[in-house]
Amino acid sequence: MRPVTYSELQVSTHFCFLRGVSSCEELFATASTMGMPALGITDRNSVAGIMRSLVAAEEVSHQHAPIRLVTGCRLDLVSGASVLVWPEDLDAWSRLTRLLTIGKARARPQHGEKGQCFLHWEDLAAHADGLVASLVPGTDGCDEEQLRWMADLFGRDRGHVCLTQRRRPDDARRLHQAVGDAARYGLTPLVTGDVLYHEPDRRLLQDVVTAIREKCTVDDLGLKRERSADRCLQPPHEMARRFGRYPQALAAVEAIVERCSFSPRNLRDQYLYPEEAVMAGQTPQQALEKLSTRALEQRFSSNPPVVYRELLAKELGLVAKLNYAAYFLTVHSIVEFARSQEILCQGRGSAANSVICFVLGITSIDPVVHQLLFERFLSENRAEPPDIDIDFEHERREEVIQWIYETYGHEHAALTAVVSRFRARGAVREVGKALGLPDDMTAALAGQVWGWSEEGVAGDPRLALTLELARELIGTPRHLSQHPGGFVLTRDRLDRLVPIEPASMTDRRVVEWEKEDIEEAGMMKVDILGLGMLGCMRRAFNLLALHKDLHLTLDHEDLQVDDPQTFAMIQRADTLGVFQIESRAQMAMLPRMRPETFYDIAIQVAIVRPGPIQGDMVHPYLRRREQKRRNPDIEFDYPSPALKAVLAKTYGVPLFQEQAMKVAIEGAGFTPARADELRKAMATFKYTQGVGQFKTELIEGMAERGIGPEFAERLVKQIEGFGSYGFPESHAASFAKIAYASSWMKCHHPDVFCAALLNAQPMGFYAPAQIVRDAREHGVKVRPVCVVESDWDTRLVGEGGGKDARLPLRLGLRIVHGVAVIDAVRILAARDVAPFASVEDMWRRSGVPLATLEKLAKADAFRALGLDRRQALWAIRGLGETPLPLLEAAERREEPVSLVALTAGREVVEDYRATQLTLRQHPLFFLRGELTRQRVITCAALRDTRDGRRVEVAGIILVRQKPGSAKGVLFITVEDETGVANIILWPDRFEAQRTTVMSSAMISVTGVVQREGEVIHVIADRIHDRTAMLREVGEIDMPRLTSPGDGATHAGSPDRGETGWKPKPRSLYHPPFRTGCDPEEVIPIRSHDFH
Amino acid sequence: MKRVASLYLPHWPIDRLRRIERRRAPSAEADASAAFDALGAHAAAERAQHCSVPKEGGWRPGARWARSDPDAGGSALADSRREVEAAIEALPNHRRPPQRELGRTSQAADNPFAKGPAKKGLSRPPEERVAAPAPLREMSRRTEAAEPLFRPGTRGWHGEDLQSAVSALPVHQRPSMQELSRKSEVVDNPFRPAPADEVGASLRRHAAMPSLQFPGEDAPAKAGRGAALRGETGRDRYRNEVPAAPLSLARAAAMPPVQGPGEDVVVRRTMRTPRRSARDGHGGEAGYVAPPSLAQLAAMPAVQFPGEGPHPDNHGRSAPTAPTYGQGRFFQTGRTLASVVSRVCRDDELDTSAPVDAAEAPLVTTARTGSRVEVIAANATARALGIGPGTALTMARAQGPDLEVRTADPEGDAADLHSLAELLARRWAPTVSICGTDGLFIDLTGVAHLHGGEARFARRLVRLLARHGVVARVAVADSAGAAWALTRFGFAEPVQVLGAGMQAEALAGMPVAALRLEAPALELLARLGVDTIGQLAAMPRAPLVRRFGRVIADRLDQAIGRLPEPLDPVIPPTRVSVEQRFAEPIATPEAIEHWLRELMPRLTIELAQAGQGARVVEMVAARVDGVPQRLRLGFARPTRDAAHMLRLTLRRMEEIEPGYGIDAIALLVHRADPLGPESLVPALAHEAAGDLAPLIDALANRIGADRLWRVAPVDSDVPERSCIRALPLEPLRAQVRALKTDDVRRLDGRSPDHPWHPRWPRPVWLLRRPERIDHVLAELPDQPPRRFTWRGATHRVIRAEGPERVAGEWWRRSPERQAVRDYYRVEDEGGQRFWLFRRGDGMRVETGDLSWFLHGLGN
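Protein chains in written order, with my numbering: chain A, 1 to 1091; chain B, 10001 to 10859.
Treat the hints as calculated values from the structure; they're not laboratory data. Hints are all accurate, no fakes.
Below 30 Å or equal to it, Euclidean Cα-Cα: the simulated DSSO-like pairs (lysine-lysine) are: (1) Lys10740/B <-> Lys433/A; (2) Lys215/A <-> Lys10740/B; (3) Lys10740/B <-> Lys114/A; (4) Lys10740/B <-> Lys224/A; (5) Lys628/A <-> Lys717/A; (6) Lys644/A <-> Lys314/A.
So that you can see chain A by itself, here it is in the shape it has in the complex (with noise of 0.2 Å):
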């Protein structure tokens, strides 16, 4: 007897949403086990996880038994029919995508059929050519019209009944008419198993998943619970032995096995970069060529260095060499468009290391200056297209997207997808849900809260269960969502390539793959970003070139050499607000790291991140950094020369993923392409259990050529430190750029920095009360908002008062909570005619509501009319409706009431009330004499404080964190009127008083000062709730002053408050983390900066 040999042809994979519970790698790996030679992937309406499956299938034949995807896909008609397709080759392939694309098109994300499919036979009919099809009979056996479709659409050649087992009754009955019905009709019997999952325990799982699709608990499941049995991968001897009644049914599968061959791996050589007309006549490289090589001599004056020249003329060899060309020219075009419409943009990441980008003005940052890899961005050995990341000003990116659906067409340019997937806090929660937990319970087992022990999860057996479920659905996908900004694009259309659905955005269209998909396919794909900074300094420059009369770009000279002035600003730590470098995190480097020149801002923005700090490379770095500054002439030892070229920038400490590269090419003979394979592994260390494979080789290498093992340990211990977080060189490069313009900016011209910053709002980290204090202690006049002289946004006052002059700034009308911009846009037109003699001549003439004036009353807006806030309020409630017009004069005499006038507290927090900001005193100036009283110093007084005295500060909360990284360490910013302090509260201590630390909106905080430096920490003993003295300052509650930061409020992501904004998608592809691994809970620091 010949060995039997079959192969699963209806696999759902989990990237069926909510149906399938396997990963393609957890399937692959099992059939190859069971001596599979292919794998049919059929998931519903849907080739998400045909990429994924194609790497898991290539991955599995390099270490078991090699085994072959047939691509496929389960289409279930709206009839209710479904049949199962798979392409015989390209054509096939195309026709399919092109069939799913249109059923995609016609589901309405908008009515809540976000990702569904609806196709008729009569689709299927047109796009049959090429496909071999199955069709998967109902649970009454096989409807007649089904059959008759089948046989009309595919025959006896194409055309087959699927065979399937359901362990449910009368099993054998329905088999045996089964074949009948496809003899009478021509068409061949097919075993198949429906395969929902790897192995028979997934069966709890996929139950849950089953749950969590049609949203009730899997108690209330019932008969929406998948109906037919045993749903696992069986071995081909099992297959064999159930059907061995239906021979030609097994031998049917070998047949198409064979002749299905399409391979996604196919698409590469199909794919065809879009056509630029920049040059007519031209081949795309000629053009490139003539474009970078013109570019290169307009900067240098047509006198470029000859190294420039050789590495342009090496670049686009290399580009040549890889066709490439046309890519460069359409983000050339795309950069193009922007500065033609004066959008602010520049490249990040890898691509930064690029000349060519450089020459073409993608990106801002000189590779020859600075020194970085091109093999990073583009190497021969990588078969990957290049990825171009491009920040553009964030308001303004909407109009960069629509030139690209314009320009290329919506049939050539589609988003590219992002799977969301479970992280651990959503997996408890719906597993939760599923199992009937009540909210608050799932809630807290989600750690929403802070603090909440997991006491009481043991014992109960749901309990236990959901966490067990919860962990095995962790980094399954949930469903497809858009990526922020990554376009494809292609010559012919799109559709033939990958099926597109709408978005829910309207005119959004999006791919079906995520980027590493993309990658893998070999298309090229464009990241179009907004970056919020952007606009402030657009802001800021437009406010330039009208106060000041400085005309100033990014580029502009003044912006790219080292001001000794702003760096002095830059190690004082005085950053509020400026960009990367603002966070507390930050600002506490800032002085021992005390950079002096622009490659130290790139390195203070690449080491304050979580990888650095945990690979332990930050201190590091510091004191030698501290030693060089002591001795310059200092000579650290590198155990090779070669490295030491690689490492001296930084001090013998690697910081960059270029660095690690390069340590591995220079120091232990890594190929650049394995180096690439080590930069990639490192982003998923944290859940491959290190680097393993690697460490060994690197430790290897490195000793043959000399380098001793504990060097070797130590530097892969620091590669390892990365994660996904290390930064490259040219990324933290470009942001360093961004980030000195701001610095400068702020050095410079604190006033037009302030009114930008404020203008940019929501924003980076600070609130605007923070910023505004900021401006203010800069020595920058802040004036009130005020409905005779604000404008919309923030305004400086004054024109041409010379480079160096503060102008005062007059606040906008957009910092008043809830006035709409409509309203005030109907008050400066009114304003413009004539100005406003009262209340009600503004309110006759804007004809703005009033709840509006009301609003504007509250943030003490009608000043300048010589009402303060209750006189305005009490005005604007007495314009009520239009007098008749004989009784006009009569109303209008009113007997004359005297209000209570506010006290100067209640100012203060009504100021607060308003817009979140006030100028007059800091609440806490009220209760200074109170708090002197009681022995609290000033926040200021702290610097003039010895080290381990034991002093008592009050303040109101600003910003409560508590990093993953420090252990539960509780950090608490207070700020009184004199400046902020930052407190440290050690765990025990915060359990201790968890309530005070909670509830408070002004606490006061015994406990020992430590400084080091200028960085001065309170360690806190104990915390006292001084909420009540700061109400008697108002009489009325003060708001809460937390800023966007503070984790007690904002429990989840950060939220910056932008309508719209959601969490940054994960660029990376982890694979599915079973082991409870969760990036959410690996990277815990939430970085509050701009990227």
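For this one, chain A is given, so just place chain B on it according to the hints.
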């Protein structure tokens, strides 16, 4: 001169919640262990009573507790008096049965000689009609059900596991003992070997419907309650008698009002005759007890529910016997208003507000507003932590990790408040109106003197509520507004009385919030710097009205008394009833029938005027000797069909014993549901489908409502779980999805699933428990058996189909996680068909041990 009292219940939701929970889980810690003790006691009792002859002499039913001989032990029941006393001592105060209850109930239940004369020939509640041995059988059945808990080696739950699991649960989630025993019952656990069952177990005991084994079915056990089932008694009581517990006040208030003499024939009769019936609900010969002594009252638990506990008016029984009247006893004594009030709420008692347990965990109720879960009400401990209404739940959690959270029940709160209002309207003062969610207004004009003055009235009211665990504040003033302000913003005393005409001065210093203004108006006033009512009153009127509308000015005037404020009184519902008195007593069936024929149409007219249809009607025939004769009729759906109702009544007329004659007949509607007008001619064009309701009424009134049911499908693959008992007329769950006209799913041509679809055939007769079969010859992994032996007979299989694979419902119990059954339909040579299954799928060991069972016959 108008006087209004304002009642303010500051913590109404929390107080109410506390009452409910205290009742739901009496003695929370003790309950689980008591359940287990009781279970053990059941088992022991069964062992002891297997012998039909008493083991020791001197045994007398119902008197076991009375034995004081310490050596007479032998059963695990609490045998000696001392033990009983100790057991009672161990119970929390409010669950202790009074001594009298122990004695009387046990004698009445089991003593064959104590045959009450009143029981003869009367319609009696079904539980009392059960023969005496029933409790034993009941016990043994229960024990059998519960036994697996203690059987070593059973898979899954062991006694200890279960107990520890139960005690690990939060108190409010702990299952009752019935649930525990039911869960462990073999039949409900399809994946465990089961002992043989007698074939032909009655459908009533068919275990496929475990969920219908309501505690109420175990009613016979009540008879022996007084004996020794220590932990059982109290729990049974509240399970049985307090169905959906929360609304005790509602029930109290739903009681009929006290009618004046002569209004109600029954009342009149019972008032007139010295011999009162124990069962008429108004205190009778057996139950008449003198008003309670002070000591008795003091011994009453602070939270006492109407109808519960050893109130003297309740005949010393802890459970009410009369199904309706008894429950409202606490407030419903038939005595005059003032006497009751003064008796129950003596004003010379110490003024006790509700006891606030210092060690009480912080407790909040929450509701979802948008995406945010907010605290609605918080108890004192939580408020001390700074958690109050409006706090986000996440914030509250962070502040107190041991926070207890309940879902808010605003409807329930409002309903109970309404009931309280009705109660006060019936008993305390005629005009009571509801004010917001946490207060009442009581018009005291001309009423206060009945209670001995306003202050006294207020103190009594506060005390009454305190007795029920409700914190209250009462203020009396000339205007509702002023009284309202005083309760909320006045002094801290629970009772405040403001002299006539003093409102303006009293209010002047209060914040403007005391004027019952809406939040926006308050906020505006605050913004304008108007803080006190005095300030507001001093402002010129016209500009104020222009800016705020009339509301503020009106509220101010109402509070000060310049404007009248009419109250919208709560009107207690009245009950539909008709009655006929006779000049001469009647005694013949013909006469009774005649009068019933007269009365029934009158009743339907009354019902029609009220827009109601009767669900429960009681016929009361007042006999000249004062023993009323009662007939209770239930209807499956609300009805006003006089002929139908009459038919049912006449059918049971022989149960009436006229004795020396009947001098009045009354028809009382005990329960009515809304019923709109009915068309006289059902349908002109086509015949309407047959109405089952009359048939069901006829059957149910004959055999008992609990014996009539229909079977409804359940979406479960496990055969014994695939059906459930449903009420006879309960509509089966609609399977149709409501789809929009343009929904694509309308094009789906597939037929919907149904648990009883013919494509999944089930046997004609499903055994209650699967029975083990032996000598099975079958090929692994998935071939049907060739031969098997069942009950000693060997069957050779000639036809077979299968397997149908039924996987365990893993979310129910952990042993079912892996479990699989493979079902086969087989036919033997004789043409007999069987439904067999094998535990395990034949491939993986963990799915089952490959033993075979027979689960059904036929088909």
